[in-house]
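Top line first, the protein sequences correspond to chains G and W. Per my numbering, the very first residue in the first sequence carries number 1; after that it's consecutive. Per my numbering, the very first residue in the second sequence carries number 1; after that it's consecutive.
For the record, the hints were derived by calculation from the structure and aren't laboratory data. In this text the structure is predicted, and so the values were computed from the model without any measurement. Hints are not guaranteed to be accurate.
DSS-like, lysine-lysine: derived pairs with alpha carbons at most 25 Å apart [as the list claims (entries may be wrong)]:
1) G:217 / W:91
2) W:494 / W:475
3) G:351 / G:323
4) W:494 / G:458
5) W:456 / G:217
6) G:215 / W:413
7) G:494 / W:354
8) G:102 / G:323
9) W:354 / W:213
10) W:295 / W:178
11) W:91 / W:292
12) G:202 / W:390
13) W:450 / G:215
14) W:172 / W:213
15) W:529 / G:444
16) W:213 / G:422
17) G:307 / G:296
18) G:307 / W:209
19) G:192 / W:91
20) W:295 / G:94
21) G:422 / G:94
22) W:387 / G:202
23) W:321 / W:392
24) G:95 / G:316
25) G:519 / W:209
26) W:335 / G:458
Covered stretches of chain W (chain G as the covering partner; in silico rule of three or more C-beta atoms under 8 Å from a C-beta of chain G) [stated by the list, open to error]:
27) 3-13
28) 279-292
Glycine included, C-beta positions come from ideal geometry on N, C-alpha and C.
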Amino acid sequence: MFKQLRSFLPQIFLLSFFGAIIALTDIIASLKIRDLIDLSQTGDFTNFSNYLWLIAGLMIVSGIALFTFHYFKALFIRSSLTKMKQQYISRVFKKNINEFQKENNATYLSSLSNDYDQIETNFLEPIVELIFGIVNLSAGIVLFVIVDYRILLITVGLMGLNILLSTLASKPLNKHNKERSDLFASYTSYLKEVLSAFHIIKTNNLEDKIHHDFKQKSQDIQQKGFIIDRIKSFFFAAQNMTFTLIFFGLVIIVGAMAMKNAITLGAVVLIVQSLQKIIWPIQNTAEALPKIFSVKAIFQRIDNSLKNKTDYQETKDFAGFQKNIHINHLRFAYEDHLILEDINLEFEKGKKYLIVGPSGGGKSTILKLLRKYFYPEQGSILIDGIPLKDIKKEQYFSHIANVEQNVFLFEDTIRHNLTLYKEYTDEEINEAIAKAGLKDFIAKLPQGLETMIYDNGKNISGGERSRLAIARGLINQADIIFLDEAFANLDAEKAKAIEKSLLDLKDVTIINVSHIVFKEHRPMYDDVIVVKNKMATSL
Amino acid sequence: MKDLLFKRKGRFFLYFIACFFPVVSDLLQTYIFSKLFDAIAKLDPKYFFQVSLMAGAYVIIGALLYITSRLLRISYMRDTILDVRIAAFSKIMAYSYQQFSQKSKDTYLSNLINDINNFENNFFINLLNFIFRIGMYLGSLIIMLIIDYRLASAMVVFSFITFFLIRAFEKKTVALQKQVSKTNEDFTLNIGNTFNGLEILKLNNMDHKFLAKSFEAINKVEQSKYRFRFFGDSQRNLTQGIAGASTVAVLLYLIYQTKFGLQYDQLMMLLMLSGNMVFALPDIFPRLNIIKSSKEIYDKITATETHTNPNNRPHDFKFQKELKVSNLSFAYDDKDLFHNVSFTIEKGKKYLLKGASGVGKSTLIKLLSQTYPNYEGSISLDGIDLKTIKDKSFASKVAYIYQEVFLFEDSIKNNITLFKELDQKTIDEAIIKSGLQEFIQSRKQGLNEKLSENGKNLSGGERQRLSIARAIAKKAEILFVDEGTSAVNEELGKAIEQTFLNLDNTVIAISHRFYPGVTNQYDYVLEIKEGKIRTFTGKDYFAEEAAYV
Chain G
1 MFKQLRSFLP
11 QIFLLSFFGA
21 IIALTDIIAS
31 LKIRDLIDLS
41 QTGDFTNFSN
51 YLWLIAGLMI
61 VSGIALFTFH
71 YFKALFIRSS
81 LTKMKQQYIS
91 RVFKKNINEF
101 QKENNATYLS
111 SLSNDYDQIE
121 TNFLEPIVEL
131 IFGIVNLSAG
141 IVLFVIVDYR
151 ILLITVGLMG
161 LNILLSTLAS
171 KPLNKHNKER
181 SDLFASYTSY
191 LKEVLSAFHI
201 IKTNNLEDKI
211 HHDFKQKSQD
221 IQQKGFIIDR
231 IKSFFFAAQN
241 MTFTLIFFGL
251 VIIVGAMAMK
261 NAITLGAVVL
271 IVQSLQKIIW
281 PIQNTAEALP
291 KIFSVKAIFQ
301 RIDNSLKNKT
311 DYQETKDFAG
321 FQKNIHINHL
331 RFAYEDHLIL
341 EDINLEFEKG
351 KKYLIVGPSG
361 GGKSTILKLL
371 RKYFYPEQGS
381 ILIDGIPLKD
391 IKKEQYFSHI
401 ANVEQNVFLF
411 EDTIRHNLTL
421 YKEYTDEEIN
431 EAIAKAGLKD
441 FIAKLPQGLE
451 TMIYDNGKNI
461 SGGERSRLAI
471 ARGLINQADI
481 IFLDEAFANL
491 DAEKAKAIEK
501 SLLDLKDVTI
511 INVSHIVFKE
521 HRPMYDDVIV
531 VKNKMATSL
Chain W
1 MKDLLFKRKG
11 RFFLYFIACF
21 FPVVSDLLQT
31 YIFSKLFDAI
41 AKLDPKYFFQ
51 VSLMAGAYVI
61 IGALLYITSR
71 LLRISYMRDT
81 ILDVRIAAFS
91 KIMAYSYQQF
101 SQKSKDTYLS
111 NLINDINNFE
121 NNFFINLLNF
131 IFRIGMYLGS
141 LIIMLIIDYR
151 LASAMVVFSF
161 ITFFLIRAFE
171 KKTVALQKQV
181 SKTNEDFTLN
191 IGNTFNGLEI
201 LKLNNMDHKF
211 LAKSFEAINK
221 VEQSKYRFRF
231 FGDSQRNLTQ
241 GIAGASTVAV
251 LLYLIYQTKF
261 GLQYDQLMML
271 LMLSGNMVFA
281 LPDIFPRLNI
291 IKSSKEIYDK
301 ITATETHTNP
311 NNRPHDFKFQ
321 KELKVSNLSF
331 AYDDKDLFHN
341 VSFTIEKGKK
351 YLLKGASGVG
361 KSTLIKLLSQ
371 TYPNYEGSIS
381 LDGIDLKTIK
391 DKSFASKVAY
401 IYQEVFLFED
411 SIKNNITLFK
421 ELDQKTIDEA
431 IIKSGLQEFI
441 QSRKQGLNEK
451 LSENGKNLSG
461 GERQRLSIAR
471 AIAKKAEILF
481 VDEGTSAVNE
491 ELGKAIEQTF
501 LNLDNTVIAI
511 SHRFYPGVTN
521 QYDYVLEIKE
531 GKIRTFTGKD
541 YFAEEAAYV
């Protein structure tokens, strides 16, 4: 996971550089203050103003360096997050359609927001804090050693003791924290259920009973939480006491050394002042390291979710559908469910096919196989004799058209939603609109084709969306049009009219998967295929 | 809010005092430390030893102060938060079902859990800090005034300068944060839409274009976060820089004062106290703001709303012949769902509602069951408008079966009777008609067996049958079913649907499943398409489908 940061080494270097400047100015200023205090004991104030100006100058330099440091910090976090998120989305787009659909979209969205928020808070920010901490720690160590290296050893020893005690206390504390969060988890599920039952409660006058139950549960949780908090209080008090003991212990030891004239008064001030520089970075690192390493799991999870499990090399070009599609002895299972067993079908160019069958029976699966979402387990699909598996996806897709039940509309004009950013003449567009039964709808709009669609077409009815999808499918004059329950949202007359114009198209192969059948049009289909019980029968 | 806090006057007073303990502790520590420093400066071993003993005593006193303060505080918090939970819950329970449906369940859950947690954390911790810092500021100021009033006044000035600096930055900080929030929302919407359409984009070789759009969106979000972060950090640096610089200035001033006889313990005390003042004041008002916003959250989740009184409802529920819908029009969220729709429901018959998802099937049930009363047109039972029928009378004759069944942590019997007194004959009839006999016989204590954990270990089929038993035991005349068989497998769903169709009650159901041989038994199918409803007989509607299966 640290590999991710490789491209940001220059920025990390800059951060370290300015951090070093801050540390350096700090060291010099602290030493001058020490000298000044020692000087004050002698009563000689002649050079006082020199010291004053020097220290003032150092503080200004330090301030500028601090600002620059934070500027580069903000820059670092921004550029690394942007790059990571962009890479994430690129990889999601690269996923095969069926693998992408295995997860709910909410999973990807949650990853993009929650996971990367965690990476920001628990990885990127702590890294910068670590750099700042190292810088401070070095300054502190230098100052301690200048005074007396033994004090450094004593301080580190006492700090170590404190960390040891904290670690000992952390196990029971974590246990109690977990208990508390488990308590709340079950309280939350109880509340979820009550909210789900709101209607039952209201229509059966059960409010009083529910109020009573709720009060019981809430009292329970408050009391249990209180007991846990009480135990935690004792732990915290012990921690607090240890810390005070260590602090005063150190001051007394240093004081004793000063009493023996081993160090000066100014040095005592220096030590106390510099204590924070040693303590804070160590504490911060102790907190930051677990955070940083916890992020490793997130990186791994993200990486796994983005991999394509099947990576088949497609080698064949495709210039268009000329003759026929053969499905031979096709067998397909999805996650241990056998959906299709020994399917044999033939589709000829220019002919019209209707595929029917019970829901869940496999008709949509055949369509997905024909659209290269999946590969057959056994058997093959051949287009003009070439295995569909080997044909390059992009080329294949540019020769087929799809009309689906859930229409995707994006924030752009109706024109662009129809043409999908490809170039078409106005006649081509109008012809598609007419055939799809959209002429009246567009004529009524004041801005016609240039009307903007917002919010995934919230203000467009289900029927109109379906017709837009059909127009899309017609406009690119593909060799073959796949329809997947395209008429589900249309009322009977409109659906019939559109079906007729589809069936009238010459030289276009139509494969219509639908549970809505119009008796009058049945003869116009070259074949009706029933897919059920894992088999397909032609009629 | 004041009522909440002062409900336990005595305990609140103790809480308030407990918040001052840390102030006392801190000032004591400062005093002892200054004395130690003085002893070192004077190189007096006896003095040094005495102060060291004081330090040792302080370690223990400090710990005692700490723990007493905490124990006093957490018991007050426990009881106050209980009151908040009950108030928030009562508010939600007081809603009518229509008001309740206006927000998602997750919103209410957030109110009851997250908002209260935030309140517990933000309010009390910040109240503590607020009182603590005011105490530190005033305590330090008073002691400083006694020792060196000129320095004390200078510190007051300094502290207010840093305070005003922070205030000056506040507005922009809030604006930048709102911007981050908004760009995040826009981003989520944008990317969510793109993911929804990714399948289509790939099928049309359009994904690259949208990838570029997504990259842009990411840039925008990180840019606004960057601005917020840098501005916030700069503000913090500036204020801390000024506070730090003033501390150094004070130190230099005090060192110079030793020329005029200032003692080293005074020097150390003044230095630490002035640090307290400069660092404490700027922190006070942000805390106050957080306390204020916590108060707003408290008000939001507990304020009781006035409910409109139910209008004149003189009639009892009567259903002998038909439920008639005339010229019904209803729009929801700017979407026209029904447009001048008319149809009739005959008593005792079974109706299936069909239509694409989102077309309004569940809404139609809500309209027929008076859950949404704001519609145009009329719905009447045997000629009496639904709006004039007594709420309780209506509720007692109508039952609902949903996909999810809520079970109480109580006996099976009470889960069927819903805590009402019903005679054994009624209960037995309900059990038989809903097909629950086997289930009850398999339980050791039969009807009296307690369902633990809201019946989690019951299968989907058993839950649905319990749901049906409830409806029968209630002697409901109309049964509304919304995807009652969707949560179970094909075989079980078939059996349960058959159970519905065998009942005497009038059934109005939504189901997207088709069970050959069973679903065709519905008397009528109401098909909803583009705002209109067409009535078909079950036979006609399923003819085509039956032909292929």
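Outcome of the hint check:
no., hint, result
1, G:217 / W:91, "holds (17 Å)"
2, W:494 / W:475, "holds (24 Å)"
3, G:351 / G:323, "holds (11 Å)"
4, W:494 / G:458, "violated (36 Å)"
5, W:456 / G:217, "holds (18 Å)"
6, G:215 / W:413, "holds (24 Å)"
7, G:494 / W:354, "holds (18 Å)"
8, G:102 / G:323, "violated (34 Å)"
9, W:354 / W:213, "violated (39 Å)"
10, W:295 / W:178, "holds (20 Å)"
11, W:91 / W:292, "holds (21 Å)"
12, G:202 / W:390, "holds (14 Å)"
13, W:450 / G:215, "holds (21 Å)"
14, W:172 / W:213, "violated (29 Å)"
15, W:529 / G:444, "holds (21 Å)"
16, W:213 / G:422, "holds (17 Å)"
17, G:307 / G:296, "holds (17 Å)"
18, G:307 / W:209, "holds (22 Å)"
19, G:192 / W:91, "holds (16 Å)"
20, W:295 / G:94, "violated (48 Å)"
21, G:422 / G:94, "holds (22 Å)"
22, W:387 / G:202, "holds (18 Å)"
23, W:321 / W:392, "holds (21 Å)"
24, G:95 / G:316, "holds (20 Å)"
25, G:519 / W:209, "violated (42 Å)"
26, W:335 / G:458, "holds (9 Å)"
27, 3-13, "violated (count 0)"
28, 279-292, "violated (count 0)"
The structure is inconsistent with the numbered hints 4, 8, 9, 14, 20, 25, 27, 28, although it conforms to all the rest.
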